[in-house]
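Kindly generate the complete structure, drawing on both the sequences and the hints.
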Amino acid sequence: MSFQSALGGERYVFRDLKHLLAAASPRRSGDDLAGISAGSDAERVAARHALADVPLSLFLVEVLVPYEEDEVTRLIVDSHDRDAFLQISHFTVGELRDWLLGYEATTERLATVAPALTPEMVAAVSKLMRNQDLIAVARKCRVITKFRTTLGLPGRVGSRLQPNHPTDDPKGIVASLLDGLLYGTGDAVIGINPATDNVPNAISLLRMLDGIRQTYDIPVQTCVLTHVTNAIEIINRGAPVDLVFQSIAGSELANRGFGVDLSVLREAHHAARELKRGTVGHNVMYFETGQGAALSSNGHHGVDQQTMEARAYAVARAFDPMIINTVVGFIGPEYLYDGKEIIRAGLEDHFCAKLLGLPMGCDVCYTNHAEADQDDMDNLMTLLVTAGCTFIIAVPGADDVMLNYQSLSYHDVLYLRSTLNLKPAPEFEAWLERMDMLEPDGRMRMIEPRDPRISRLVEGATLIA
Amino acid sequence: MADISRKDAWTLLKSATSARIGLGRSGDAMPLDAVLDFQHAHARARDAVHAKVDFDAISAALETPTLHTLHISSATQDRATYLRRPDLGRILHADSEAALKDAVHAADIILVVADGLSAAAVQAHSVPLLKALVPRLTDFVIGPVLLATRGRVALGDHIGEILQPKLIAMLIGERPGLSVAESLGVYLTYAPRLGRQDSERNCISNIHGKGGLGYEDAAGKIAWLTREALRRSLTGIHLKEDASAQLSAAPGNDSALLSSETPEIDEHDERLKQ
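Chains as they are written, first to last, in our numbering: chain A, 1 to 465; chain B, 1001 to 1274.
Simulated from the structure, these hints should not be mistaken for lab results. If you're wondering where the values come from, they're calculated on a predicted model, not measured in any experiment. Watch out, some of these pointers could steer you wrong.
Unchecked claim - In silico SDA-like links for lysine to any residue, alpha-carbon gap of 25 Å or less:
(1) A:Lys423 to B:Leu1023
(2) B:Lys1210 to A:Pro166
(3) A:Lys423 to B:Ser1026
(4) B:Lys1166 to B:Lys1210
Below, the structure written as structure tokens:
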């Protein structure tokens, strides 16, 4: 089915829904690279006019990636809640935009609408929304998940403590981990990207993390971000797995590029839940996604990168994750060129995931060949956390010495809490209090290296490492 | 005495990682010194990405009566396009294509030096590495050293289509990090042709002077892999296993630096692949 639009005396024709969505997307280098972006800025706006008139019900008929070829499409179609859809089935994409921004779309209503929405509908409506719209609507969504901490509560923001080391040296990891604890980070997860991705190495890192967690009785979940098939093997060998990690994307082909499919995710999800290691809840999965992942593995089926990204959230949604985050600026300037594109994409990813009911966080980050710097990250983190972002990732001094890119610093977490008046997860906050690490006003104490509170942590951790 | 041991424990931890730990605070923020250190490291990394390689200087340093050089360029016109369009960085500019077709050389091995994502790495390390490498390959016919502006790893595949060497070794600047902005990588591709997958290449990465692989060690690895590749008629994941076994048997060799993957140049989503 083709779409048309007349604007400023020009007539624009869009071949099908896929091309219409691509043309309506805010400009980004990845869609240019794929050769599917609008030919001009005027055509982009014309596409938005046409998209605004598309009925939501059309998305259930005209799938972007063929049902027969793609298990992600089958998941989206087969798990769609037709009863819930009755609430919004009469809307066009433009009407959905207006409704989402309206006062009728309360936190409670948005929760009932989540199962009615498909990723394509959510991606489509995001293309008609300005950044402030993405923030305003996402802020109304509430997604609460639990393992040893409770994430997503109002007035809170979580953080992942990411103590990576170039050679996985236990002492080096512990050093970064302790530094992060002194800033009160880690309530979303303490998660290591291993430099060497194999089962024995992951097991030794997991045992170390679990040892530290138990020694100090920290209410957190730990994770070594190894491949899901390794995680299954690690569970079989009896090592302590809290959260199972996997990178995912929006098509069967792209997921195959990551070496996964839905059945292996199901197997891992089941195995991790069986361990029953959570104390306050049993969300056990941790997913990472990012715009450009499908294109980079040639699994994008000619669909724009933001819509493909939203389709990855359908995969995530099937496994009730504890956390999910976009690695927004990580994938490189050929997908998101500069600070402007990275900021827009971060807000889109967060909005789409939240609307679909996911506990979305963000690795607010960039690489050294992107046109971005720490000022752009300041902007994005402030916008995202204003939008109610579930958690952000933090590394020592914003410099990840293993993955060679820049993220947020532990300091940034303190800035966000102070500026936006937020606290960490309640279980973790109570632990910080027990450890005498909070000032009476709730701020993190500034603790000198010789302070007994530090030396207690350092000496214990040195023994473990 | 207790105080001293506590301080020592923290110092010990600081010495265990290059991560920016123990920075201190100004309110919630980083102290100014730490902010400026970070900005300096980022500036160096950006300069490494955006600088131009002085290929004339490299050419002058390499030319001998038996070793020649030839300047070529990818189909990208400027640095901004190069960063946005990796596909264009993998094919030759029409002029370069014609130049290569004119310069017919039956060679076993073609050596290519490409700026990649770090001009600084190429400027600092390509000449000494080639000077260590070429004497180890004297029993092979080596074509002219191609000096490629705005090239990606797979530019070698297009070159291979035209020159039909048995193997291409591409020296290329790796994506700079804050701690090392000038790291060189070398990619070996047997029978380079358009459409080769990254899994069909071998990579020796982290060649730099800040705790990375030295020239002699790197040249030794490249020469060994080249011989094996030509003997077994392949590069890529199937060469890696044997190579690791062979190299790790030799003392002082770190097989972890050998990888058939392309971690820095074309695969920025390596982390997502974990």
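Here is how each hint holds up against the structure:
1. Using a Cα cut-off of 25 Å, the hinted pair Lys423 of chain A and Leu1023 of chain B holds, with the two alpha carbons roughly 23 Å apart.
2. Between Lys1210 of chain B and Pro166 of chain A, the direct Cα distance comes to roughly 14 Å. Compliance with the 25 Å bound is thereby established for this hinted pair.
3. Pair hint Lys423 of chain A plus Ser1026 of chain B holds up; C-alpha atoms about 20 Å apart against a cutoff of 25 Å.
4. With a CA separation close to 33 Å, the supplied pair Lys1166 of chain B and Lys1210 of chain B exceeds the 25 Å bound.
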